[in-house]
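Respectively, the protein sequence lines represent chains V and D. In terms of my numbering, the first sequence is residues 1 to 329. In terms of my numbering, the second sequence is residues 1 to 326.
For the record, the hints were derived by calculation from the structure and aren't laboratory data. Take the hints with a grain of salt, since some may be wrong.
As the list claims (entries may be wrong) - The list that follows gives simulated cross-link-like pairs (lysine to any residue, SDA-like), each with its CA atoms no further than 25 angstroms apart:
(1) D/K60 <-> D/L245
(2) D/K140 <-> V/K121
(3) D/K113 <-> D/L123
(4) D/K113 <-> D/G124
(5) V/K213 <-> D/L245
(6) V/K121 <-> V/T160
(7) D/K140 <-> V/P65
(8) D/K152 <-> D/F134
(9) V/K213 <-> D/K113
(10) V/K121 <-> V/R108
(11) V/K46 <-> D/S137
(12) D/K152 <-> D/M105
(13) V/K235 <-> D/K60
(14) D/K279 <-> D/L245
(15) V/K46 <-> D/L123
(16) V/K46 <-> D/G124
(17) D/K140 <-> V/D318
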Amino acid sequence: MSAMKKILTTVAVAATLIGGTAQAETTRIALVVKALGIGFFEAANKGAEEAAKELGDVEIIYTGPTDTTAEGQIEVINSLIAQGVNAIAISANDPDAVAPALQKAMDRGITVISWDSGVAKEGRQMHLNPSSSALIGNTIIKLAADHMPDGGDVAVLSATATSTNQNIWIDEMKKVMGNYPGVNLVATVYGDDLADKSYREAQGLMATYPDLKAIIAPTTVGILAASQAVTDAGKIGQINVTGLGLPSEMAGAVESGATISFAIWNPIDLGYAATMLSYNIAKGATAEPGAKIGMGRMGDATLDDNNEAAMSDPFTYDKSNIEQFKSIF
Amino acid sequence: MNRYLQSREVILSAAILMLILLISLRFPAFIAPANLANVFNDTSPLMILAIGQMIVILTKCIDLSVAATLALTGMVVSLLNIAAPDLPLVVTIMIALSLGAVLGMVNGLLVWKLNIPPIVVTLGTMTIYRGVIFLISNGKWVNAHEMSPAFKALPRHVFLGFPLLSWFALAVIVIAAVVMTRTTLGRAFYAVGGNPHASVYTGLNVGRTQFWAFTISGALAGLTGYLWVSRYAVAYVDIAGGFELDVVAACVIGGISIAGGIGSVGGAVLGALFLGVIKNALPVINISPFWQLAISGTAIIIAVVLNSRANRPPGRIILKQSEPAA
Chain V
1 MSAMKKILTT VAVAATLIGG TAQAETTRIA LVVKALGIGF FEAANKGAEE
51 AAKELGDVEI IYTGPTDTTA EGQIEVINSL IAQGVNAIAI SANDPDAVAP
101 ALQKAMDRGI TVISWDSGVA KEGRQMHLNP SSSALIGNTI IKLAADHMPD
151 GGDVAVLSAT ATSTNQNIWI DEMKKVMGNY PGVNLVATVY GDDLADKSYR
201 EAQGLMATYP DLKAIIAPTT VGILAASQAV TDAGKIGQIN VTGLGLPSEM
251 AGAVESGATI SFAIWNPIDL GYAATMLSYN IAKGATAEPG AKIGMGRMGD
301 ATLDDNNEAA MSDPFTYDKS NIEQFKSIF
Chain D
1 MNRYLQSREV ILSAAILMLI LLISLRFPAF IAPANLANVF NDTSPLMILA
51 IGQMIVILTK CIDLSVAATL ALTGMVVSLL NIAAPDLPLV VTIMIALSLG
101 AVLGMVNGLL VWKLNIPPIV VTLGTMTIYR GVIFLISNGK WVNAHEMSPA
151 FKALPRHVFL GFPLLSWFAL AVIVIAAVVM TRTTLGRAFY AVGGNPHASV
201 YTGLNVGRTQ FWAFTISGAL AGLTGYLWVS RYAVAYVDIA GGFELDVVAA
251 CVIGGISIAG GIGSVGGAVL GALFLGVIKN ALPVINISPF WQLAISGTAI
301 IIAVVLNSRA NRPPGRIILK QSEPAA
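Next comes chain V alone, as it looks inside the complex (with noise of 0.2 angstroms):
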């Protein structure tokens, strides 16, 4: 009797201990998003399911709120913090008002990256960018440029007029306008990211530059809008739609000619190495100005003096390889 409940009792113990030390092996690392639904995370979804698999000992943990707001954001975070995930990676909708919750995951002890969106400085531990800003603004002006020889009218068509990226990217790109004579930028409209708004932009703008040759776009929905709002007005070939897209949004518009050509980074990527930088931050690589973390297969990133790091250039895509990437992302 008493050898056997000295048996059992050793039993039960290794089975806790076995089943404590499972899991404390599994990485937990958050993918958190702008908003559930939209393609283009669902894609670095697929990119940190990739990692996962590679790294054998990571659960992925891919959440977001419903709609883009901070507030929603918020909220999982302060859930995330209650699971005690190992890290948080997040793309942000807004800098600051995501920075306060992601200081008390830090506190206690969590991995913060953010990737895409960026935190507040104060915010997260790096951020990595899918490119690099300068190089963003460069490929929009320069897809729209290459096919205008003659130079001419360009419009830019953003997304909010506060969003982070598409304001430092126009920026960006407007410093080298300098290098593309000829080519003049009239106007920057604001669509919302909203499909009809976008129309209404890009149609406005149509009407008050007669002379328009390309509208540059650098978010998914407007580069869809403005594309839909061209073919309606019959001005294929008249004015090139371009800026950045997902190939299976926009092989419709490049295989009517409204869209030339358009850039994007590869989402798969770019969720892959935010997941690699993730687990190697929370196995203890410390992100410091000038330190070499690595992503995997797409080689390190170095920080800079922001703790900021570059994926890779984006990557252009037109009726030559169209076919074969959008039934990828």
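Fit chain D to the known structure of chain V by using the hints.
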């Protein structure tokens, strides 16, 4: 009473004309007939939804789920189009109308049978319908290249000089005007909202009338759902996000009393056009996006103030002065 309504519509029409003239001072091309036709076409979805909302508001209710119903129906017909690209468009439109009607009936039944306040019911169904879109689409977008060419072409198809989208709006306006002024059901909407107690004594079932109002609003939102996704050639969870507020604003500007019983099809249409003109003008008059929001808001408040002043009932003598004794 009729003269009274008429005069309010005249005031609103004058305001819209003034607005168009003011805009054309700054951007002359705005007043070109082709551009005005464009504005009408762009405002068509808002007009159709405003008419449905007007009927609901007439019965002392409100339907906040219109935009969600629109989005859900739009997603369902888009997915259906992927699954069966050769489905005749007439069938697609019938499905959109009936699905919208069923979604409206859910609101109507909850209001009628369970006596829940309409604002609570539709606030709830609004969220539920958005959630259902997410579930059926797995959060994915339906993109232009996945829709069949015929599916996308219908609202743009030009018939007698106007796109079919505009013709849909015109048809809804004419049918609604006839129903609201010439049929028992139409008059019942006014009676139920104007004086619920009196309408019970005249043999009208208040709850059932409200149920039909929600059903009609749902069906119109369903129709708009198809027109919306085919026009913008994209369907995703957030389409027409926040549009229910524009619809209610159009009704309020159009002189439909939130207290029920007062309003007309013409008012709803003019209210929608007023907003449509502002929305289409702001991009071309080249002002800061922050001012745009303030200007839209101010225009709504000014219109409502003017309307409520025009609506104020004149004083009535309830008790007569004492009559000289016989």
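Structure-based check of all given hints:
1. D/K60 <-> D/L245: Within the cut-off at roughly 17 angstroms; holds.
2. D/K140 <-> V/K121: violated, 33 angstroms
3. D/K113 <-> D/L123: With Cα atoms ~17 angstroms apart, D/K113 and D/L123 stay inside 25 angstroms; holds.
4. D/K113 <-> D/G124: holds, 16 angstroms
5. V/K213 <-> D/L245: The given pair, whose Cα atoms are some 36 angstroms apart, is violated under the 25 angstroms limit.
6. V/K121 <-> V/T160: Measuring from Cα to Cα gives roughly 23 angstroms; hence the hint holds.
7. D/K140 <-> V/P65: holds, 16 angstroms
8. D/K152 <-> D/F134: holds, 22 angstroms
9. V/K213 <-> D/K113: violated, 59 angstroms
10. V/K121 <-> V/R108: Since the Cα atoms of V/K121 and V/R108 sit roughly 18 angstroms apart, the hinted pair holds (cutoff 25 angstroms).
11. V/K46 <-> D/S137: Within the cut-off at roughly 17 angstroms; holds.
12. D/K152 <-> D/M105: Distance ~28 angstroms between D/K152 and D/M105 Cα, so the pair is violated.
13. V/K235 <-> D/K60: Violated, at about 47 angstroms.
14. D/K279 <-> D/L245: Holds. D/K279 to D/L245 sits at ~14 angstroms (cutoff 25 angstroms).
15. V/K46 <-> D/L123: violated, 34 angstroms
16. V/K46 <-> D/G124: Answer violated: V/K46 to D/G124 is near 32 angstroms, above 25 angstroms.
17. D/K140 <-> V/D318: OK: D/K140 and V/D318 at ~22 angstroms, within 25 angstroms.
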